[in-house]
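Protein chains: 2
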Amino acid sequence: MRFMETPDTPDQPTEPAAAAEPANGTAADQPTGIAAQDWATASAEPQYRAAVVDLLGALAYGELAAFERLADDAKLAPTLGDKAALAKMAAAEFHHFERLTDRLRAIDAEPTGAMEPFAKALDDFHRLTAPSDWLEGLVKAYVGDSIASDFYREVAARLDTDTRALVLAVLDDTGHGNFAVEKVRAAIEAEPRVGGRLALWARRLMGEALSQAQRVVADRDALSTMLVGGVADGFDLAEVGRMFSRITEAHTKRMAALGLAA
Amino acid sequence: MRFMETPDTPDQPTEPAAAAEPANGTAADQPTGIAAQDWATASAEPQYRAAVVDLLGALAYGELAAFERLADDAKLAPTLGDKAALAKMAAAEFHHFERLTDRLRAIDAEPTGAMEPFAKALDDFHRLTAPSDWLEGLVKAYVGDSIASDFYREVAARLDTDTRALVLAVLDDTGHGNFAVEKVRAAIEAEPRVGGRLALWARRLMGEALSQAQRVVADRDALSTMLVGGVADGFDLAEVGRMFSRITEAHTKRMAALGLAA
Numbered sequence: 305m306r307f308m309e310t311p312d313t314p315d316q317p318t319e320p321a322a323a324a325e326p327a328n329g330t331a332a333d334q335p336t337g338i339a340a341q342d343w344a345t346a347s348a349e350p351q352y353r354a355a356v357v358d359l360l361g362a363l364a365y366g367e368l369a370a371f372e373r374l375a376d377d378a379k380l381a382p383t384l385g386d387k388a389a390l391a392k393m394a395a396a397e398f399h400h401f402e403r404l405t406d407r408l409r410a411i412d413a414e415p416t417g418a419m420e421p422f423a424k425a426l427d428d429f430h431r432l433t434a435p436s437d438w439l440e441g442l443v444k445a446y447v448g449d450s451i452a453s454d455f456y457r458e459v460a461a462r463l464d465t466d467t468r469a470l471v472l473a474v475l476d477d478t479g480h481g482n483f484a485v486e487k488v489r490a491a492i493e494a495e496p497r498v499g500g501r502l503a504l505w506a507r508r509l510m511g512e513a514l515s516q517a518q519r520v521v522a523d524r525d526a527l528s529t530m531l532v533g534g535v536a537d538g539f540d541l542a543e544v545g546r547m548f549s550r551i552t553e554a555h556t557k558r559m560a561a562l563g564l565a566a
Numbered sequence: 305m306r307f308m309e310t311p312d313t314p315d316q317p318t319e320p321a322a323a324a325e326p327a328n329g330t331a332a333d334q335p336t337g338i339a340a341q342d343w344a345t346a347s348a349e350p351q352y353r354a355a356v357v358d359l360l361g362a363l364a365y366g367e368l369a370a371f372e373r374l375a376d377d378a379k380l381a382p383t384l385g386d387k388a389a390l391a392k393m394a395a396a397e398f399h400h401f402e403r404l405t406d407r408l409r410a411i412d413a414e415p416t417g418a419m420e421p422f423a424k425a426l427d428d429f430h431r432l433t434a435p436s437d438w439l440e441g442l443v444k445a446y447v448g449d450s451i452a453s454d455f456y457r458e459v460a461a462r463l464d465t466d467t468r469a470l471v472l473a474v475l476d477d478t479g480h481g482n483f484a485v486e487k488v489r490a491a492i493e494a495e496p497r498v499g500g501r502l503a504l505w506a507r508r509l510m511g512e513a514l515s516q517a518q519r520v521v522a523d524r525d526a527l528s529t530m531l532v533g534g535v536a537d538g539f540d541l542a543e544v545g546r547m548f549s550r551i552t553e554a555h556t557k558r559m560a561a562l563g564l565a566a
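Those protein sequences? They're chains U and Y, same order as listed.
Under my numbering, the first residue of the first sequence carries the number 305, and numbering increases by one thereafter.
Under my numbering, the first residue of the second sequence carries the number 305, and numbering increases by one thereafter.
Treat the hints loosely; a few may be bogus.
Where chains are identical, the list cannot tell them apart; a pair therefore holds if satisfied intra-copy or between any two copies.
To be verified - Keeping only pairs whose Cα atoms sit at most 20 Å apart, straight-line, the calculated DMTMM-like set for lysine to aspartate or glutamate is: (1) K424 / E349; (2) K487 / D376; (3) K424 / E512; (4) K392 / E420; (5) K392 / D376; (6) K424 / D525; (7) K392 / E402; (8) K379 / E402; (9) K424 / E493; (10) K379 / E420; (11) K487 / D466; (12) K557 / E493; (13) K379 / D476; (14) K487 / E402; (15) K424 / D386; (16) K487 / E512; (17) K424 / D376; (18) K392 / D342; (19) K392 / D428; (20) K557 / E486; (21) K487 / D525; (22) K424 / E543; (23) K424 / D523; (24) K392 / E414; (25) K487 / D437; (26) K487 / E543; (27) K487 / D427.
Simulated from the structure, these hints should not be mistaken for laboratory data.
Note that the coordinates shown come from a computational prediction; the quantities given were computed from them, not determined experimentally.
With the rest of the complex left out, here is chain U:
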């Protein structure tokens, strides 16, 4: 899903080896527990297996929804070149979707079944935050994907080595981030009052994203258990709080880089 990333995103590991470094600062430098195991070993624990199926299902549906959103935004593109650029991003999201559903099938999980629990939350998010113009679409793609990517990277550090490699691969920056940043910055420079409107829009996006995420976590036991502890290297609740702080902080920095007050 991650296709936009500012060069200055702080403290986000980009390689599997670095990502395995624990983010909570309490563990040792070397991965331990699940994070040191491969899928064959880790999946012997049924609750861990269920959590990974949930995670891959949520991620896969997110990619499919991102594909649709980008294809939609392509219609708002002011030039043919912009349209082609968005179509390219949409196609990249679709290929991430395919890798995730291939993986679900490979671990004997039915992709549709794995995605369905997350369809409503993601559809609602996109319905409630339909951009009204090209710039709102760019800000949404940038903000939404950055937050989702930060979140999945935090989770990835706690996954088995095989699942982690896949998750990091589909979050890999495909170099499109600069596209949104450049276009939005140029628009604000040309007409500064656009910045105020887009800053409000970014705040609304963050609010809707958090409220849908909360709903998903409340609904999905396996996933939540992995996140808040109980399975192997899960977070404790205080750590979840710190994780949200880190994500919010990174968001604030990205908004500033974009010329927007967060």
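We have chain U; now place chain Y onto it with these hints.
Only chain Y this time, still in chain U's reference frame:
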């Protein structure tokens, strides 16, 4: 663009060697003139070069528009599996678009400039034929792509070897044809009166496609000259008439195969 093809599409060559066979029945079995030359030789003729740039531009914009249409139709999909199937087709169209624009750049033509003359006709076609439901979308994709593919295959036989190989590659059936045929047939079997509505819809699509195609041909000198003669192996006007007959006939057969009266 071709992603749907009935197994019984008549007389449509599928390989470059076969496609080089003249369709007007007057020439010999071996390609002659332009059809026997490679791009380096054929493009020495400026009018031929301009016609190919037009053709690739029209085809590229068609792929981009098809991408958008399929991504849009994915929203109407009744199931997650159907949605994923349409997204896959859309991504395939985008990759065809990329091959065509890469080729335009390789022959020193600016892709945007090459596409722009065809944008309005294709946009108008899609605007005037926006499907109101999932089945209309499937019929449109099937009918529209089949007709476009028949047309480009006829033209391909008259192109230089390099351009012909590219055009046939992007028209290559990616195996999605059966998807639309199966879904539409099943819907008509389940509710026969759906067939009458879809038959009317297919006729309207054919009418709009022909009227936009006519507009393009009237506007674009280089392309028209290649089609109606004047450059190398161009058609004569009687041959254009026969070509339209062949395309209409193939359309009628496809509609019958779909369970629709054409």
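Comparing the hints with the structure gives:
When the C-alpha separation of K424 and E349 is checked against a cutoff of 20 Å, the pair qualifies neither within a copy, at 28 Å, nor between copies, at 58 Å. Taking the closest pair of Cα atoms, K487 and D376 come within 20 Å of each other only inside a single copy of the chain (18 Å); across copies the shortest separation is 25 Å, beyond that limit. In this assembly of identical chains, K424 and E512 lie within 20 Å of each other by CA distance solely inside one copy; the values are 13 Å within and 37 Å between copies. For the identical chains of this complex, K392 and E420 are inter-copy neighbours only, at 19 Å across copies versus 26 Å inside a copy, given an alpha-carbon limit of 20 Å.
In the homo-oligomer, the alpha carbons of K392 and D376 lie at most 20 Å apart both inside one protomer (13 Å) and across protomers (16 Å), since each shortest distance falls under that limit. Taking CA atoms no more than 20 Å apart as the test, K424 paired with D525 passes inside one copy only; the shortest distance there is 17 Å, against 51 Å between copies. Within a single copy, K392 and E402 get their C-alpha atoms as close as 15 Å, and across copies as close as 9 Å, so both meet the 20 Å cut-off. In the homo-oligomer, the alpha carbons of K379 and E402 lie at most 20 Å apart only across protomers (18 Å), although the nearest pairing inside one protomer, at 24 Å, exceeds that limit.
In this homomeric assembly, K424 and E493 never come within 20 Å of each other (Cα to Cα): the closest approach is 37 Å inside a single copy and 31 Å across copies. With identical chains, the CA atoms of K379 and E420 are at most 20 Å apart between copies only, with a shortest distance of 15 Å across copies and 27 Å within one. Proximity of K487 and D466 under a CA criterion of 20 Å is satisfied in neither setting, with 37 Å inside one chain copy and 37 Å between copies. Proximity of K557 to E493 under the C-alpha cut-off of 20 Å is restricted to the intra-copy arrangement: shortest distance 19 Å within a copy versus 57 Å between copies.
With identical chains, the CA atoms of K379 and D476 are never at most 20 Å apart, being 25 Å at best within one copy and 26 Å at best between copies. Proximity of K487 and E402 under a CA criterion of 20 Å is satisfied in neither setting, with 29 Å inside one chain copy and 22 Å between copies. When the C-alpha separation of K424 and D386 is checked against a cutoff of 20 Å, the pair qualifies only between copies, where the shortest distance is 17 Å, while the shortest distance within a copy is 30 Å. Proximity of K487 and E512 under a CA criterion of 20 Å is satisfied in neither setting, with 24 Å inside one chain copy and 36 Å between copies.
Taking the shortest alpha-carbon separations for K424 and D376, both the intra-copy value of 19 Å and the inter-copy value of 19 Å come in at or below 20 Å. Taking the shortest alpha-carbon separations for K392 and D342, neither the intra-copy value of 33 Å nor the inter-copy value of 30 Å comes in at or below 20 Å. In this assembly of identical chains, the alpha carbons of K392 and D428 never lie at most 20 Å apart, being 25 Å within a copy and 23 Å across copies at closest. Proximity of K557 and E486 under a CA criterion of 20 Å is satisfied intra-copy only: 16 Å inside one chain copy versus 51 Å between copies.
In this assembly of identical chains, the alpha carbons of K487 and D525 never lie at most 20 Å apart, being 41 Å within a copy and 36 Å across copies at closest. Taking the shortest alpha-carbon separations for K424 and E543, neither the intra-copy value of 27 Å nor the inter-copy value of 55 Å comes in at or below 20 Å. In this assembly of identical chains, K424 and D523 lie within 20 Å of each other by CA distance solely inside one copy; the values are 12 Å within and 47 Å between copies. For the homomeric pair K392 and E414, the shortest alpha-carbon distance between copies (18 Å) is at most 20 Å, but the shortest distance inside one copy (28 Å) is not.
For the identical chains of this complex, K487 and D437 are intra-copy neighbours only, at 13 Å inside a copy versus 35 Å across copies, given an alpha-carbon limit of 20 Å. Taking the shortest Cα distances, K487 and E543 never come within 20 Å of each other, neither inside one copy (36 Å) nor across copies (49 Å). For the homomeric pair K487 and D427, neither the shortest alpha-carbon distance inside one copy (26 Å) nor that between copies (25 Å) is at most 20 Å.
Consistency with the previously given hints fails for numbers 1, 9, 11, 13, 14, 16, 18, 19, 21, 22, 26, 27, ordered from lowest to highest.
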